[in-house]
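A.B. asks: Starting from two chains that each stand alone, build the complex the way the hints lay out.
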Amino acid sequence: MELFWKVATDLMDPFVFLLILGGVTAGLFVGAMPGLTAAMALAVLLPFTFKLPPLQGLVALGAVYMGAIYGGSFAAILVNTPGTPSSIATAFEGYPMAKDGRAVEAISIATISSAVGGLAGVFFLLLLSPPLARLSIKFGSAEYFWVAMLGLTLIASLSPGSTLKGFLGGSFGMMLASVGVAPIGGENRFTFGMPVLQGGVEMIVALIGFFVIPELFNMAAQGRAALAEVTMDSKERGTFFNAVRTVFSMPVNLVRSCIIGEIVAIIPGAGGSIANLVAYNEAKRASKHPELFGKGTVEGLVASESSNNVTVAGSMVPLLTLGIPGAPPDAVILGVMLMHGLRPGLDLFTVSGDLTYAFILSMGVAAVLMVPVGMLGGRLIYKVIVKTPHYFLVPSIALVTILGTYALRNSFSDVVIMLLLGTIGFILRELEVESPAIVLGLILGGIAEVGFVQSILRGTSLEHPWVMLFQNRLSQIIIVLMVLSFSSPYLSAGFRKFKKGPAELLEDEEDVE
Amino acid sequence: MKRAIILVISTMFILSAGIVFAEYPEKPITYTIPFNPGGESDITARFQEPILEEILGVGVTVNHKPGGGGAVAWSEFQRTAKPDGYQVIGVNIPHIIGGPLLRKNSGYETDGFAVVMWFHFTPNALIVRADSPFKTLKDFIDYAKANPKVITVGGSGTFSANHLELLRLEREAGIELTYIPHTGTGPLVPAILGGHLSALMNYSMLPVQQGDKVRVLAVASEERVPALPDAPTFKEQGYDIVGGAFRGVAAPKGTPKAVIDKLAEAFTAANKKIAERQLPMGFVMTYATGADGDALVEQMGKAYSDVINDILEEQNK
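Here the protein sequences line up with chains A and B, keeping their order. Using our numbering, read the first sequence as starting at 142 and increasing by one per residue. Using our numbering, read the second sequence as starting at 200 and increasing by one per residue.
Isolated chain B, as found in the complex (with noise of 0.2 angstroms):
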């Protein structure tokens, strides 16, 4: 008797698994985009909501919050989300780890996301003028060694993927260097081909774009990137430097696990559609999901933690 209870309730639990499983999702999914239109996180969510919503049998509904660097969504969306699954938001490193850290009441903490996956990975690239003196990232250095501070490298933003990239940089290489923060990948490109900069950390889609007009010295990624075969890596040149923007989306903390891999599981196959029109445009095709997504978010905070430091050294004084 007892045993054909507990069979009973079991199977009961199982089915009911199984009912949430086969129920969700029932109606449509927000996307929140914390950037403006017409960036990267934009158009690729632009790009995967077709793909998810026929995967997910739902509509799927992008919109935007931009502003503060992603904080205003953020903080939002950790605050007011429901974690049932009908609310996803678009998440970055390494800003969701830069932010909380490096600037007081920004609303949101690092962890208190559910990362469904980081689908792509922007590696930063050291950029200049085809007809700069810099021919390779030695030549850059020693003029960096020989006067300190009067190399500008102009990147997107304050904290950001290419600020803590520079950052990191000056430590590796014991050089000075001068960052002038710009608000966006848009303005960096008259800034270096009217030469009014000597150099930028910037995503390596940029140098895909702009082609011969620009060089790149190195790239921040672990191999050479497929779009630009020819630009070297850091590591080759004997820095460890691995770093960039990684996309991906997020749910609030608490929501199901059947939910997060469900959403996971379409996030992959909309990934795997959209690479081959990514990959030539200079993108890094990721497949993180799960685990190895707190991995990397836990991985990245370590690459830079020094830097940061340093920054709240110097904030403290």
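In isolation and in its complexed conformation, chain A is listed as follows (with noise of 0.2 angstroms):
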């Protein structure tokens, strides 16, 4: 009780609420810069926070994460760019109801999930922690190599037109996750003798060029900016009180994602950029009407914008329990604490308690921000998108994504290979092979690839090697998983050409009656 007020009264310093509100904004900007990741902005802040009390420079720590990890959502559903790797999903449905004038009920509504899964997040943290991190531990490299299979079938749900060509763009993104000095074994793979391709492809500079560039070949070529505009009613009241009611209809959805995304959280090196998508899959295959996924439903909206924000304080709980950094933010914030001499650790939670709950706490206010800072900051940005016309938008969009993938690595070749991966993306979509899976191939190669060999490797003395990715119980419980997502879409068509079949010879037999 003692230890409550303390916390308490920490949080109540008008200048740590100042922080917190300032972090908010400050990551929400950062975040829907397309580029611009939640790492960097971290980086940038940590001289600052090292003249800053412990408590003081950890709490602008977190409130910039979380606003980022949200402020990832506008430039998803205003522009169809994922801001960061979080949000993919997210511009899946957001960007449709945008195309459909309805961009400030799509804002409203990733607002709202975003403050859901922030608040889920600091829930699980603050009381589920230790069972989580002896869960996190379980995932060896034969663990990865399967979450990263079991992620591929994602694919097939992805890719609306045709499976077969989902799994093209799947495999082209895996080839290009090959690109530079190999995770393991050290050497140059597809270089062509230039060193800086030695750094390979980033995902990041992929996720601009293969989802920025060929909205704005297609902007260009129609002549006219894709957003219609919304007559802005003038008691828009409305609609932030409509959107809560429609997040909250649909517990069962939100409590899913939350779990996914926490899930997703505790397994190192996954993350937000995983969690959505996940989530996302989840709530297409639970839905009634998956047909109507892609063309603007607010469930899949809120099952991504949701997961992602869980992850914020969810990948926590192996940094602060175990001094695991889940995720690359986490390793500016493990930084921090080390350089104040905090150990993570079970002295986190009891010798400096009163820091730990209260720097755990401020996350849970920092959502809480998110609504009102959300709600005001998302408008003016859709103002100003709707209200500029194509012809400056276009190449003001343009400028924007080439700074910001600049800054990603200070590389001009990131730029170059930015541009030629929108131009390949943009002919690819015309082929209906569709940008999710290129970028899904590219987030899990490298996963995938890493546990792969690891595993090999660690059974270099056995007589079959492979075994290794088959032996531990979990590895066995994912591949079951894998089986179930692959042929789910089978499996449930067969079902029900199935019930329909006794059902027809019943009617059938009635009719002879």
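Hints are not guaranteed to be accurate.
DSS-like, lysine-lysine: derived pairs with alpha carbons at most 30 angstroms apart [claimed, not checked]: (1) Lys452(B) to Lys501(B); (2) Lys192(A) to Lys226(B); (3) Lys471(B) to Lys192(A).
Hint data in this document are derived by calculation from the structure and do not stem from the laboratory.
C.D. replies: In structure tokens form, the structure reads like this:
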């Protein structure tokens, strides 16, 4: 109880409150810019936080992190460009909604979902850290390989047209992932003698290329911005409360997406970029009308945006308990903690409990503050984008995109790679090979490769090294999930036929009578 | 008359040298980190940044250019950076030694930098989980002798400090282990705590962070690391293995000596201030500037030459 009051008074400090507010706002705008990532924002903030006391430094970083993951949804909804890889699925539903003139509605729903997700992550971190931490270290190289394989089965549902073309895109993505210095073995692959290619194709560079460039080509070709201007209702207060009602009208979807977000978050290295896609896929599978997904369905938007914000506080479970950074931004936070002499582990929750709990709860405050900041900021960005004529909008977005890509690694080559991939993406889209499948292949290709090679290496002394891939219970569970996920579309189709079969027979019999 | 002219000219030289010295730096300095934000290099640079700005009186901008284990940034730096002291870059041993030797087309050379200073050293350490049956280095080596390749040891990267050190241990002790490269230090923690590996060869910071969850069998430093007083060195146990990652900063080759000295002075002062925070984390502070810095590269190059030659032989087979 004493601890509670200490934590509460720490958080009541107006300066701390201002730090959270400023952090969320700054994070939101960073996240909304394609190319600027949460990790980068945190790294830039680092020198300032050294001058602050530990709590205030951590609070500011946590708030920026929370805001950045949420801010990625704006670009996804308004220009079909995930601002961060955590908002890929947001673009699937948010952008079609915006095209229908429902942009403000989509932003409101994304805001509420993000806040719910953020709070759910804090809840998991606060109450379920020890068991989740134990689960997180059960994932070894074999499990990583199978998780990546499970992720690849998403391609089937991410490619609405033909599954075969989806897998073609996925394979292309995996090939892109193999460019550069091999993660294991260290040799140069597909660098064609150019030292700069040793760094490989950065995921965010590909993301920007595959999503923005084709969209810009389309906008330029059609001679108008794709967003339909919506007659701005002066009494818009309704949209906010409608959005709240809409989001909470699907509790099963929310709970499922939050749990998926948390499980992905505790697997180090996965993070929001995978969580949003898995949650989206599950929402689609559970939906009564999966055929409407991709055309502006609220369920998919809620799933994506709630799951990705769970990962912010959620990925701090392994960080605070075991010192394992789950995602790049977590690595920066770990660095700050160590600099202040805070060592992850039990001590963090007991000896420096007041600080740790205040930090955790501050992320909850940040999640709540996203609502007012997001509603104001979101509308501002929306108005700017809608009011700008397309002949200014297309070059402006192109410029921001190029700057964002350059800023990622201060590399001009990344800009060239981005434009090149964008052009390839445009052509492939015309051939109905969709960008999400390619990007998924790129994200998972690296994870799959490392997991596979490490497992085989671990079995060096065995007669059949590949046994390592199958011997753990957790691997076996993931394999079953993968088979189910892959075959479920066919199974459910067969099941429907089966159900229909006897029913028709009965009818026939009745006819005979 | 002649003497007067010489006097005037030499005075001018002295003055102009003085002017150059006094003028540098007059605009912001770019400090490139060839790795991702959040790593040791980045966090150290972030720490140095405000102190350097105070001493040099100009802005210091830290930026990242990660990729290819540093190769992307180093190759571009050696190709394009101007030797005027306004561009500096983080450098690491053994990366800059091993990379150009072991990888074709790495695009940079070991001696293509003007090293300003090596500011710290993180020795390698052989680490096992607290409940491991290996209580001492001797247990570990005896088991490895009886069971070749059975022990799996994780480390960060291929041909990295961790990897080369493990190869050196194999040579010195006459054992065969199985090295499992990981993509950075982060993934090593769940791998050892979750029992997916028998041991780790990683830097001295990891056991400091993990405390009593792990045990250090040996540290590859000359003397015991201040933050790990109970961890014996390889030397104490009869193996001449000293190595790890040295981190430092370099300017382009051809940068004037006065500029390098000025930078070295600023980095030295920064290092002294940072020491009180980095020592408890398991770092060993170093102050190798000028000829000492070059000597260190040469010395470590020799130390690893045997294992590097082994790898090269293997590659050419």
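A.B. asks: If a hint holds in the structure, say so; if it doesn't, say that too.
C.D. replies: Quick rundown of the hints versus the structure:
| no. | hint | result |
| --- | --- | --- |
| 1 | Lys452(B) to Lys501(B) | holds, 22 angstroms |
| 2 | Lys192(A) to Lys226(B) | holds, 24 angstroms |
| 3 | Lys471(B) to Lys192(A) | holds, 18 angstroms |
Consistency note: the structure conflicts with none of the earlier hints.
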